[in-house]
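Chemist: Protein chains in written order, with the numbering used here: chain A, 1 to 549; chain B, 1001 to 1141.
Some hints here could point you the wrong way.
[Claimed, not checked] Taking lysine-lysine and the DSBU-like style, the derived pairs with C-alpha atoms no more than 35 Å apart in a straight line are:
id, chain 1, residue 1, chain 2, residue 2
1, A, Lys-63, A, Lys-334
2, A, Lys-496, B, Lys-1053
3, A, Lys-301, B, Lys-1139
4, A, Lys-83, B, Lys-1139
5, B, Lys-1087, A, Lys-63
6, A, Lys-81, A, Lys-124
7, B, Lys-1087, A, Lys-473
8, A, Lys-472, A, Lys-496
Quick caveat, the hints were computed from the structure, so don't treat them as lab data.
So the chains spell out like this:
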Amino acid sequence: MSSMLEQLWPVFIAEVGEKLDALETMVTKATARQHSADNSHAVDALFREFHTLKSNLSMVDFKEPMEIANACEDILHGLRKSKTAPNNDILNALLESVDWIKKQVAEAAPGQYPRTTNEALHKKLAPFRQQDEPVPAEPSIPEQPEPALKPESQVAEHKEALEIDTLRINSNSLDDLVTQITQLILIEHRIDSIAPQKNLASTINATHQALQSENTSNSDNIFSHVEHLINTFSEYQKSLSQIDASIRTISDNIQENMLSLRAIPLSTIFTRLPRIVRQKATVYNKPVQLLTDGGDIAIDKSMIDVISEPIIHLLHNAVVYSLETAEERKANNKPETGKIHISATREGDLIQLDIQDDGRGIDYRTADIDVVRDHLLRIGGSIRLQSTVGVGTQFIVRMPITVAIQNTLIVQANQQSFAIPLRQVVEITEAAPEQLAIENGVKTLQLRGNTLPIYTLSTLLQLNSAPTLSNKKMLLVILQHDKQCIALHVDNIQGKQDLFLRNIHQDLRNIPSVNGVSLLGNGNVIIILDCEGLFRLTGRHVEPAHASF
Amino acid sequence: MNDAASQTAANTMKVLIVDDSFLMRRIIRNIVENDPLLTIVGEAEDGVIALEKVAELSPDIILLDIEMPNMDGIEFLRRSRLVTSAKIIIISSVARLDSSEARDALALGAADIIPKPSGVLSLDFEEKKSRELLDAIHKCL
């Protein structure tokens, strides 16, 4: 019996994660517009989020983070009563609390929680906690900036932070899906019901008997039987084609619906960026404000990782290279706080991201965008840089709206690399010549009682290869397709790699055994093989046994 | 509306859950579902939606949270009294509920205030805590 704790744990993780993200955004926003007059709504909302966070943590008995959330809730309760806006110190303490709780939750498993306490944080929160008393207005000792971390390690950390494993799905789409599945089930009943109704078996039997009975004199009788049989069959055909049409419509709808379920708004990424920028801003001591536009544009879930990497890198660039410190900006008659503006637009199958800052501008050589350019190139995107000295920098990134990712095994044949989709690879093995046999003129491998035919990749693909040396061990990739297995002889295996499928020209698509193409990290084109095609080639191709023996 | 008419055919009482936390609603649902006398007829994530559901479902029991966006529990109590005779039981973190708020809630006709079952999602106390919540609900009926 699975406990309620185990059953509801994913719900807990999802909701707490959502609350923490929301809190982070709200606190960051509150910091940005601290001097504006009306903060009471913000305080209300912050209070409620902390309240729910606390009560969720208390449901699972996760004590330490709950205490922290409780302290934050208390502080906001006090602010709410005294109608005071939170000052910078409070906001910093709240943000630190959110970060800490996030970390604790990330390390937790159902019923097993890290036993860390955070006295320093408790102490930081304590002075703001007295209720019904005005919160000290004058700022205390300013917080020491975080020690400068290596930018690389930060990027790695944030990549992790951007992962998404729970989706919030519109309940209407889910209802539609259920309706469509119900329709499918109804069709199943329809298929069940035509068979007995139309009595096909008895009609065939009657006709069969009529034909068998030796007195063929009664040809009228036979004729009417056959006619009946034909009628029955055509009715059958009609029903089946109706059912076929309905199934096709429903499955199209389901497919469309499923794809839309995977679509999530860009804001999912955008809400997580302020924190990344804030951290960098602190490390490099540059005040920054981040604005985002186009968060409502939907992208496929799989694109989150693909798209967030260049964004984070470019934000890093903007803060580190383009934006100036407050003093430098003042000296140049600019507002002290630098601005970074990300706006997303969609054009057909492309997303365009404009990442613009009002810093000093970047020289293309210092921009350090090679990594991003390579990454974008691999998925069929592009990047442009427009920079005006003293005025700012604009990166224009364009990328396709969806990217198909293929897990592959990279092999070599005739000094050329090929990728084989990993899901069709059963195993990799080495065989000495004496392990091989010849059956009906075809080389075979004995593998755990099964006899597998061996084909050489370079021969199958008709690459001009030198005959393989017979005294060497053969490197074999066992492939499976449709319950059939073959051993594919390759020269070398270079390892596993995730490749982004690129569009290929229509003419290339017709080449047997070519599934697609992709670009490797070094910019070289690689062909992704299609196992079905390879199997078809083997049918036409009996490998002469003497070629490698 | 009299009580007998509002009960379902199986002679159980219809329950509406009002809480802005999805987790909280799932927890309450899991617990209440085990009670043969209670049938959950709906959920609402704030007071506004709850008012709509009250009109639509005519529940016998409303399990109500206090802190919610759009319309909070106190405001819901104030408005719902005109449209339903359901027993309204407040399930809230009592520590947070100021005595003035608690007084208001009871004055507005809440049947009782029950603490949220903290620690209910645990390997050891699940049954005990669930039982306590159900007992507390039953006391109000």
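Chemist: Now look at each hint and say whether the structure bears it out.
Modeler: Against the structure, the hints come out as follows:
1. A:Lys-63 to A:Lys-334: violated (47 Å)
2. A:Lys-496 to B:Lys-1053: violated (55 Å)
3. A:Lys-301 to B:Lys-1139: The hint is violated at about 48 Å.
4. A:Lys-83 to B:Lys-1139: violated (39 Å)
5. B:Lys-1087 to A:Lys-63: The given pair, whose Cα atoms are some 33 Å apart, holds under the 35 Å limit.
6. A:Lys-81 to A:Lys-124: The given pair, whose Cα atoms are some 21 Å apart, holds under the 35 Å limit.
7. B:Lys-1087 to A:Lys-473: Violated - the C-alpha atoms of A:Lys-473 and B:Lys-1087 are around 81 Å apart, more than 35 Å.
8. A:Lys-472 to A:Lys-496: holds (24 Å)
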